[in-house]
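Turn these sequences into a full structure, and let the hints guide you.
So the protein lines, in turn, are chains H and E. Note that numbering that gives the first Met the number 0 has the first sequence beginning at 0, numbered continuously upward. Note that numbering that gives the first Met the number 0 has the second sequence beginning at 0, numbered continuously upward.
Wrong hints could be hidden among the right ones.
One-sided excerpt, in silico: chain H residues whose CB lies under 8 Å from chain E [what the hints assert, rightly or not]:
#1 Arg169
#2 Glu172
#3 Trp191
#4 Ser212
#5 Ser213
#6 Ala216
#7 Phe220
#8 Met223
#9 Gln248
#10 Leu250
#11 Glu278
#12 Pro287
#13 Gly293
#14 Pro294
#15 Leu312
#16 Ser316
Far from chain H by the CB rule (all over 10 Å, computed), these chain E residues [said to hold, decoys possible]:
#17 Glu10
#18 Asn30
#19 Gly250
#20 His252
#21 Tyr302
#22 Ser491
By construction, these hints were calculated from the structure, which means they are not laboratory data. For glycine and all other residues, C-beta sits at the position ideal for the given N, C-alpha and C.
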Amino acid sequence: MEREGTVRIPSGCAIAAVISRTGRRMSGESIVRSMVPMHERSNGLGGGFAGYGIYPEYRDLYALHMFFEDRTTRKNCEAYLKEHFEIAQSEYIKTRKIPSITDEPIIWRYFVAPLPSSLAKLQLDERELVARTVMAINGKMHGAYVFSSGKNMGTFKAVGYPEDVGVFYRLEEYEGYSWTAHGRYPTNTPGWWGGAHPFTLLDFSVVHNGEISSYDANRRFIEMFGYKCTLQTDTEVITYIMDYLLRVQGLSLEEAARVVAAPFWSTIAQEPDERRRDELTYLRTMFPSLLVTGPFSIVLGFSGGLMALNDRLKLRSMVVGEKDDLVLIASEEAAIRTMEPDAGNIWAPAGGEPVIVRVNEGVEV
Amino acid sequence: MGVDFIYPEFEVIRNESRCIACRVCERQCSNEVHAWSERRGVMMSDESRCVNCQRCVSLCPTRALKIVRSDCRLRENANWTDATIKEVYKQAGSGGVLLSSMGNPNPLPVYWDRILINASQVTNPPIDPLREPMETRVSLGKRPQRIERDDEGGIICDLQPQIELSMPVMFSAMSYGSISYNAHASLARAATELGIMYNTGEGGLHEDFYAYGPHTIVQVASGRFGVHEDFLNAGAAIEIKMGQGAKPGIGGHLPGAKIVGDISRTRMIPEGSDAISPAPHHDIYSIEDLRQLVFSLKEATSYRKPVIVKVAAVHNIAAIASGIARSGADIIAIDGFRGGTGAAPTRIRDNVGIPIELALASVDQRLRDEGIRNDVSIVCGGSIRSASDVVKAIALGADACYVATAALLALGCHLCRTCHTGKCNWGIATQRPDLVKRLNPEIGSERLVNLMNAWRHEIKELIGGMGINSIEALKGNRLMLRGVGLTEKELSILGINHAGE
Ligand code: SF4
Ligand code: SF4
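As structure tokens, then:
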């Protein structure tokens, strides 16, 4: 059977997310539980979580979470990393043996810092170097796969139901100010763990529910800029689009949302503010190939915040609620209620309207 | 006669019991096939003159006429076909080069017909264009590399010049001279009404048509006929014609007989002189020369117009296109070997160039591999016959398509392939005033608008079926295509999977 990456596998999904605006750190337990009522939206072939603020003691180092097929690959990869990075910590990611999660690869974690001499020689900023290293390992190093590469954040994913994946990775032992979760319903078996979500690059992580019809247009465009879509999943290409728009092109979150879920030309024509109309027209003309069509709801995680976004026709469910310092987002209200039974202000954002939540000003994360 | 005699290709079948001898066919036929015989009191036909343009068939009030292919054939031979042998006879008699019109009619592969389109089922909903907004608008031109911001952090919205189209289709180059005033008027009006472009071809722009400038692409070809500053500034974009799919490697030829009146004035050449455009542009012998012409034209128009470079699809098209993309051009138009023409040497039309599908796929991929796909838009032409061809072309990577033959069909062309004789009975490829007036520009433009509106609707249905609500998300979306009956090599050049994969 072909493994995911050589074939494209459409999936249905469940997503959930929570963030504390005051930067209060919460254990992963609650987000894991939120996936239980949405069990039917997954089929046991992929689940995962991203937590932000989970490694405060290493906040200045890039946390690389990796899958290795065997020990030799790990050794080779380590040698490769050492060319440009100092490895401050290298360890197994703690897991718990449970019957529902099987066939695990070697799951490893490095905390690394780019070598100043490498940065100077390559004349790259450090995030670009990390991004290129991730692309190189995932694209070329058979049997090695980086599935998380940001600072003070980390992704945990596996083939299994998300509730089980949370138990497997002992997420109750981590504390973060923001969490996202994903349960996957692929239409055929992915064959390995890389295809599970969230998908990440640097501190950007994406959980996504939907199947985008613009996939190959987006992929062939973004691959011009050094990204390599090794998994052929929607989430992967959306993550790279976000990285390109936010980090490389320097767009704001709101502007990036206007590219990915662009307003219709007829809506732009009705925009009364001329300056804004020009900007919207400019963004659509500049990035037509990054318009994402077909049903999607995504939550983009980044350092200090979350952005939720639906496709412009709102073809996938997504609701948002609030409780004290928390903002909660999920495919179904039931997931929000599981995390916070008394959550209020529950609403469904309109298609193409980004919901951007950041930790309060002055809060250090 | 004798050895040179070729039995007429067509037979005129007149149903005598229906014919009322109204003599419409006689008046309508510029080839003088039909004649009234006073002596015998019947209509007679000289079939040796018939080109099967179907004018008489269409206008006969009693449906008394039909034109059939003659069954008087030479002895069958798969190698020496009837047509091949007759061409030898013609050349042995005349010593001349054979001339043909319209696109290559031979049974070479039409890849469009071997490519199938995807639709959504279950995992992703199809979108209904009657109920949901569906966008077909595109703009052609360079995209900036980077977002730039002003001091207040606002995006600086300076785009390089673009052409905006309400749908990804334009009428491609046909010169005033090769086609009639009324044909041009129909195209210009329709393009304006549709919010798309038509193209002057290499014959300059008639003064009456300057009014349609915002929907006109003005062409600069190797003969530079009719090119002057006002002409360059009249259109929405300028096209440098380096080559044409129907006749790569040679220039155009408009016989002196067609250079009459307005045409001679528009082309800025004396009446009755042959308008022969040279095979190369004599100021472009290499890619750096092209760059100079691109920038001279930009200078002449104050960098307000995008420049298109049109080339024929030839073997090395990917490398050529990459050179053009680096020459400062904003748009590359690629013309496939099945593209039409008003007149071309038969041997060239039928044997030179490559199919547009393969050329387009390899150009789009090459420009992406080199990271310069954003520097140019790609327009493809050379037999785009329907909305589904358009959808397939966009999914392979084109930004828009050029159509010409389909537009002429809308105006009444019956593809008789004798445009080079200048006696087009449908008022299109002719300058004879009595024939030109048969084409009413009002009706002609309305039919063009109908055709394009029909295509637009079909495009929306096709992309809606794939779950796409903007043509932008189809561009280069090759996963939406599958090949049938194609070899591994063909699939790999097209960059698509086989059906069932
Ligand atoms: S147009 Fe028809 S009816 Fe009239 S003369 Fe010709 S064949 Fe007869
Ligand atoms: S334009 Fe006229 S002459 Fe040319 S093919 Fe069409 S009908 Fe025949």
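Comparing the hints with the structure gives:
1. Arg169: violated (33 Å)
2. Glu172: violated (36 Å)
3. Trp191: violated (21 Å)
4. Ser212: Status holds, d = 4 Å.
5. Ser213: With Cβ-Cβ at 3 Å, under 8 Å, it holds.
6. Ala216: Holds. Min distance 4 Å.
7. Phe220: Holds, about 7 Å.
8. Met223: Result: holds, 5 Å to nearest chain E Cβ.
9. Gln248: holds (5 Å)
10. Leu250: Since the shortest Cβ distance to chain E is 6 Å, the answer is holds.
11. Glu278: Interface hint status for Glu278/H: holds (5 Å vs cutoff 8 Å).
12. Pro287: Hint on Pro287/H: holds, closest Cβ of chain E at ~4 Å, below 8 Å.
13. Gly293: holds (5 Å)
14. Pro294: holds (6 Å)
15. Leu312: holds (6 Å)
16. Ser316: This hint is violated: Ser316/H lies away from chain E, its Cβ roughly 13 Å from the closest one there, beyond 8 Å.
17. Glu10: Holds, because the least Cβ-Cβ distance between Glu10/E and chain H comes to about 52 Å, which exceeds 10 Å.
18. Asn30: Answer for Asn30/E: holds, closest chain H Cβ roughly 49 Å.
19. Gly250: With a cut-off of 10 Å, Gly250/E remains clear of chain H, as the shortest Cβ separation is near 36 Å.
20. His252: Given that every Cβ of chain H is farther than 10 Å from that of His252/E, nearest at about 40 Å, it holds.
21. Tyr302: holds (17 Å)
22. Ser491: Fine: 15 Å to the nearest Cβ keeps Ser491/E off the interface.
Going through the hint list in order, the structure does not satisfy hints 1, 2, 3 and 16.
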